[in-house]
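Chemist: Listed below, chain by chain, are the residues.
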Amino acid sequence: MDFFANLGQALSIATEPMNLLFCFLGCLIGTFVGVLPGLGPSAAIAMLIPLTYKLQPDTAIIMLAGIYYGCAYGGSTTSILLNIPGEAVSVVTCLDGYQMAKKGRAGAALGIAAFGSFIAGTFATIMIMLMAPPLFQFALKFGPPEMAGLVFMGLTLVTSLSSGSMAKALMTAVAGLLLSFIGTDIITGRMKFTMGIDSIMEGIEVVSIAMGLFGITEVLINLDQKPSMGSVITAKLRDLLPSKRDWKDSSGAIARGSVFGFFVGLIPGGGGIVASFLSYAMERKIAKHPETFGEGDIRGVAGPESANNSAAQGAFVPMLTMGIPSNVMVALMLGALIIHGVSPGPRLIVDNPRIFWGVVGSMYIGNLMLVILNLPLIGIWVRMLKIPFTLMYPFILLFCVIGAYTINYNIEDVYIMLLFGIIGFLMRKADYPPAPLILAYVLGPLFENALRQSLIISNGTFLIFLSRPISAAFVIIGSALLLSPIILRAFGKQRLGAKLKDAD
Amino acid sequence: MKNRDLVSSVIWMAFSGLFVAGSLRTDLMVDGVPGERLLPLLMGIAGMLISLFIFITSIFRQKEVVIRSFFSERGSLKKLLITSVLLFAYAFSVNYVGYLLATTVFMLLLFRLVEPRGWGTSIIVSLATAVLTYIFFTVLIGGQLPGGLFIPKGLF
Numbered sequence: 016m017d018f019f020a021n022l023g024q025a026l027s028i029a030t031e032p033m034n035l036l037f038c039f040l041g042c043l044i045g046t047f048v049g050v051l052p053g054l055g056p057s058a059a060i061a062m063l064i065p066l067t068y069k070l071q072p073d074t075a076i077i078m079l080a081g082i083y084y085g086c087a088y089g090g091s092t093t094s095i096l097l098n099i100p101g102e103a104v105s106v107v108t109c110l111d112g113y114q115m116a117k118k119g120r121a122g123a124a125l126g127i128a129a130f131g132s133f134i135a136g137t138f139a140t141i142m143i144m145l146m147a148p149p150l151f152q153f154a155l156k157f158g159p160p161e162m163a164g165l166v167f168m169g170l171t172l173v174t175s176l177s178s179g180s181m182a183k184a185l186m187t188a189v190a191g192l193l194l195s196f197i198g199t200d201i202i203t204g205r206m207k208f209t210m211g212i213d214s215i216m217e218g219i220e221v222v223s224i225a226m227g228l229f230g231i232t233e234v235l236i237n238l239d240q241k242p243s244m245g246s247v248i249t250a251k252l253r254d255l256l257p258s259k260r261d262w263k264d265s266s267g268a269i270a271r272g273s274v275f276g277f278f279v280g281l282i283p284g285g286g287g288i289v290a291s292f293l294s295y296a297m298e299r300k301i302a303k304h305p306e307t308f309g310e311g312d313i314r315g316v317a318g319p320e321s322a323n324n325s326a327a328q329g330a331f332v333p334m335l336t337m338g339i340p341s342n343v344m345v346a347l348m349l350g351a352l353i354i355h356g357v358s359p360g361p362r363l364i365v366d367n368p369r370i371f372w373g374v375v376g377s378m379y380i381g382n383l384m385l386v387i388l389n390l391p392l393i394g395i396w397v398r399m400l401k402i403p404f405t406l407m408y409p410f411i412l413l414f415c416v417i418g419a420y421t422i423n424y425n426i427e428d429v430y431i432m433l434l435f436g437i438i439g440f441l442m443r444k445a446d447y448p449p450a451p452l453i454l455a456y457v458l459g460p461l462f463e464n465a466l467r468q469s470l471i472i473s474n475g476t477f478l479i480f481l482s483r484p485i486s487a488a489f490v491i492i493g494s495a496l497l498l499s500p501i502i503l504r505a506f507g508k509q510r511l512g513a514k515l516k517d518a519d
Numbered sequence: 030m031k032n033r034d035l036v037s038s039v040i041w042m043a044f045s046g047l048f049v050a051g052s053l054r055t056d057l058m059v060d061g062v063p064g065e066r067l068l069p070l071l072m073g074i075a076g077m078l079i080s081l082f083i084f085i086t087s088i089f090r091q092k093e094v095v096i097r098s099f100f101s102e103r104g105s106l107k108k109l110l111i112t113s114v115l116l117f118a119y120a121f122s123v124n125y126v127g128y129l130l131a132t133t134v135f136m137l138l139l140f141r142l143v144e145p146r147g148w149g150t151s152i153i154v155s156l157a158t159a160v161l162t163y164i165f166f167t168v169l170i171g172g173q174l175p176g177g178l179f180i181p182k183g184l185f
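Going line by line, the protein sequences match chains A and B. Throughout, the working numbering is defined as the position within the first sequence, counted from one, plus 15. Throughout, the working numbering is defined as the position within the second sequence, counted from one, plus 29.
Just chain B, with the same shape it has in the complex (with noise of 0.2 Å):
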């Protein structure tokens, strides 16, 4: 865990810093009273302050530290990595291929690289969830999700 607290401590300094920084380019006081950068100025100073505190107290804590792997299993970071990055490229392509098609290769693919199972079951419960969930949420719950390629605008 020291690792992790110390690193952990260092992003948090970095990112109140941020507050901090930005809240000093302007005014912090107008006509004498708190302007809108007071407050994140002052939480950005305890941000940094707790998260020294974090980091000093990792180095000293070090002998009384248990080292863990940071990923419970073997094959986890696999999993993980192939999950994110599908999640990621299911938000991006959705826009332009529409949801439909987008759904059913991103529920395809989790079902057979994650966790791999029969291509027969994996495309039809793909297919029937992009369709099912389409009908529910555009025509039962009056949304809108991306019609891309395969629905004209307007068809729901």
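Pulled out of the complex, with its shape left as it was, chain A reads as follows (with noise of 0.2 Å):
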């Protein structure tokens, strides 16, 4: 009964008109962002925060989290008619979805994805309602240790889900902890690390540090890479619907997919890269025929995208119950609420119904209308990406600078923000991911205030983190995490992110 209640309550906050109109932009730049090779979801996200300073904050975090979600969609289209990811979550829908479309069923490709899309989107949209009411009560019952204990099993698990080289993942991550130190001290009120700057009296702001190190990182890497664009395989409107053939084959991947990517969406550093990958590989290795896989077999599309559209709304789980982001995107729509004044964590649902219901809501019209966003508008998103990048990153270096200016009117965030983008591209050309800079800067200050709780209630003594069941639990899985590239190595396996490092 409370299910219903509960959905009765979402869809009247999501179907209000300005959450209604401001779901549907969320979409539509999600889906061009998705589309267009060059631009992804973090940078969107991050240029697109300082525009929503004027709206009320649920509406704000509804249409962030379309411009997320609606990224999920779109990068499937590229993917499928160019053979080049839109998005890093679409990489592997290239695999099946273009050879799909090289054999004349570019159509059935674009339609599956965009149904299996929908139906996961969906499924976890229900699953958030399910689970969420209970993980806020638990969260609640969480301490101070238990809270630092979960913040470092989060940064250890994004670390370590990292492609690449852990200990360059471990670098930035300590990196953007360092950097969340800089400012007033909460307990004390004393500067640190300031260097007398008065305009980081504050802390460094994160719209800034992301839009630099994804927005003006991204135009550099770009202005450095020749641009290559195959050609285009267009597909016809009556193609799009999926044969019964097409549904029969592709059910089950749809099926386990949602189921699985939800739960890989919950894990900080999880996310809908992992949950393709990993949901391609599952396919393939259960089907009868895996030779098929890599020829154009619709599983290879169906699985993953079902999987990260499911996965990208299962991260909201963590975010809305306790405060913790499991991706760079989920970590500045946290940013965006803390802006708008709103505290994420346990109380959300309590103090700020409207807000998580509100997200919630959207989810089951956004996902909707990004089906007739993705299906019937086909045609204007494939005349889209003829548009060349040159033409494009002037605009995007200008909305950058305006959206880090209008942060707080202040120049100095414009500069600030310039050189993350001179250092994500210095970091990015010497292979150091940047997504665990980001979220170690936005769970900098919980981990901080946590820890210190933890050891002013414990007079000073570590033991606090072992002491009690939940924190401890969370401690031992960070270390084993910390300690798994020795472990594995000893074994002759490789991590997963190593893996993803190969894939890609």
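Hint data in this document are derived by calculation from the structure and do not stem from the laboratory. Just so you know, these numbers come straight off a predicted model, no measurement behind them. The beta-carbon is built from N, C-alpha and C at its ideal position, and this holds for glycine as well. Just so you know, nobody snuck in bad clues.
Chain A stretches covered by chain B per the calculated footprint, using a threshold of three residues with CB under 8 Å from any CB of chain B:
{"#": "1", "segment": "181–190"}
{"#": "2", "segment": "197–207"}
{"#": "3", "segment": "227–238"}
{"#": "4", "segment": "407–413"}
{"#": "5", "segment": "417–431"}
{"#": "6", "segment": "463–470"}
Two chains, two frames, some hints: make the complex.
Modeler: Pasting the structure below:
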């Protein structure tokens, strides 16, 4: 009964005219960003946060959430028609999606990707409604040691699942934590590491760092590369509806991708990329004829596309219930909530029910909007692929500058963003992932507060983290993850993040 | 990659070292409980150890490393330098000459210098972008952008 009452509340908030309008705008921008290679969802969300300052918090988060899951939908279009993933989450869709398109089945691939995403997104939203209330109750029992343990485990998970070298991911996470210490101390009110610079007395703006690391860096990286644009394979609307055979072949993959993706999305660092790669590997493993994968097997599109959408929505559970972001996009939304004066965490559903239920309700509507945006309007998105990056990037740079300036109407925030843009470029060139830096930066104050409060309770002894069962479990899992490369190497195995790097 | 790992690890070590040095300037424990600089000290030490690990492994891996040029394309450096200099110059000038003039010149130079396009198109697109974004951000969004020479204070 509660479920239907909650559903009614969620839909009534989400269908308010302003929320409906901004949900549509978010889905539209998300699809646009997803379709265009060269501009990622992190950059888009970071650039658009300043535009939400005048909106109500629930409307702002509904729009940003729409951009996030809209990107996951739009990313598949370029993978299937161009063999170029619009987003990293759609890399694996290229393998069979483009092969299907080459065989004249682009419509079926696009159709099953959109319907699979819709089914997975709706499933994940129902799961959020079922799982979040008990999780809120559970999280309310967390004291500072449990919170510190949870953040520690989250950060180690993020670094452990990053593609490439774990040492480099750890280094960027530590750098993010160190940067988060800059500013006024929350407990004593004294300045830390500000070097006398007034504009960072309250800490460095997370939006400036994110726009630099994702917006400016993305432009610089693209300027450094020669754009590779293959020939676009077009699809007609009448071909977009999958046949009975397509449905029969892909229904199992969609179901497995939806369930599996949701649970991967809950894990910090899990996200859509890991979900789509693991779903593809799973489908291939259980198939009677695995040799058809890579040759245009519809399950190779249905499984990963469902998994990445389900994961995108699953990632909202730890953010909304515990204030723990599991990926960069969700971390930015968390930052946006804080800018709007909302404290994310276990009390969100009690103190700000409109935000929680509004976002959940908008997911049902947003998923429906995205099917409509992605199927009948496919022709428009294909035409947009022809916009050269060299025409777009001056506008991206301009929006980044305006976005950074309008945070505090302070030009120093723009300088900070530009500096992080250059740092991000150098980091990418040396294979350092930027995501752990942002996540650690957002989680830094929460971690520091929880750790110091725990040590105050325990009179300075670190044993408090091992003397309480929940925090001990988090610390042990986190420590095991830190040691995982050594353990795996001893058994001659490779870390998942390293496998993802190889697959890339 | 060896050189990049070597250089980057030295930079990370110096960065972490700054936090360690800054943390040691005050008492780490206050009344028996950790002060505000204990965690930065611990994280700074962790950063130094990780960067040392990257430094050492990059030395030992030198034989298996494939040398790649830093820039993917010939001429990339020029494009990147022009874009970076224009961005800093734009940020520096916008408060003095105002949003409209600074943005028009910034967009025009980007269109002309990095990927050359015709003068006519570049001027029209740059001017239209400056005016439309100004109206969007000040009138529709209700924000403020530097007025400078062309927009008297309080017009919007």
